[in-house]
Amino acid sequence: MVMVTLEPSIAQSTCENALRSLMGYVFLQKYDADWIERVSTEQQRELWAERAKAEQKTRERRGVAETDGPGLTYANMYDLVKIAKTYWSDLEPALGDAYPLLVRMEKLRNTTAHSRPLVTFEQELLSGIAGQIRNQVTLYMSTRDPAGEIYPRIESAVDCFGHRLTGWDGPIGEIFEGKVTGAILRPGDRVQVTVTGTDGRDRPLEWELITPAGTHAASAISASGTEAQLEWEVTDADVGEAAVINIQMRAKGAKYQRANGFDHRAYFQYIVRPPVGHDLK
6 MVMVTLEPSI AQSTCENALR SLMGYVFLQK YDADWIERVS TEQQRELWAE
56 RAKAEQKTRE RRGVAETDGP GLTYANMYDL VKIAKTYWSD LEPALGDAYP
106 LLVRMEKLRN TTAHSRPLVT FEQELLSGIA GQIRNQVTLY MSTRDPAGEI
156 YPRIESAVDC FGHRLTGWDG PIGEIFEGKV TGAILRPGDR VQVTVTGTDG
206 RDRPLEWELI TPAGTHAASA ISASGTEAQL EWEVTDADVG EAAVINIQMR
256 AKGAKYQRAN GFDHRAYFQY IVRPPVGHDL K
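Sequential numbering from 6 applies to the sequence shown in our numbering.
Any given hint could be a false lead.
Capping the alpha-carbon separation at 30 Å, the derived lysine-lysine pairs in BS3-like fashion look like this [what the hints assert, rightly or not]: (1) K35 to K257; (2) K35 to K62; (3) K257 to K184; (4) K257 to K58; (5) K184 to K62.
Think of the hints as simulated: they come from the structure by calculation, not from any bench.
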């Protein structure tokens, strides 16, 4: 098998997403719902909130009053490594002796942050570390799912308004998570969704977006642990006060699926109003 070297930015986001997923799961199990206050400082949380606000300013709001609390979403590699160092005993069952790799990755990330390009072996090292961390997290999380060695799972989904899905607590089943967003849309609007999934067998993942009207509006294929983009163009057929888009994922080429035709799904619910000035008759 030919090993693909990830671009530095993709390698960094792959590792960060894997760590966020692992920490969110492990810390919730041990420290309950207020785990974020337990593992982070007030200064860190204030900085993450500032990053969230800065990102929100770049997004088109379309009537959305609020976005989700940032949690670890805006914690960068430096923040995550610092938390990992303090709580390594909680993470060690998943990551083993990989802490020095995280430290090395943070140093490489710092290099790119200061606009010094990485040489080839550094890019390969960064990609290799990201792949190892992602795989170790995937294998660990699979042991928490009775069918985790058979089927892939969704890891995250975020729409263009900043609404994020990170997974419900409890056993992994057909549904990853869903969210009632409250966002008001109209025909002609476009909604982009960024999704990430992982597979213990490292198979490519097939994604599909199904509209409120039941139309299969978009599809994409991604490698395990990397992002895919889906887009929904709102139509008259989608108008309704509880307009749900379903995102389905499955392992490409697999004979069997966890559910009927897919392995994992997530959803976002919106309000789709008729066009402004429409005829009420």
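Going down the list of hints, with the structure as the test:
1. K35 to K257: Given pair K35, K257 is violated - Cα atoms ~35 Å apart, limit 30 Å.
2. K35 to K62: Cα-Cα ~35 Å, so violated.
3. K257 to K184: holds, 26 Å
4. K257 to K58: Distance ~37 Å between K257 and K58 Cα, so the pair is violated.
5. K184 to K62: holds, 22 Å
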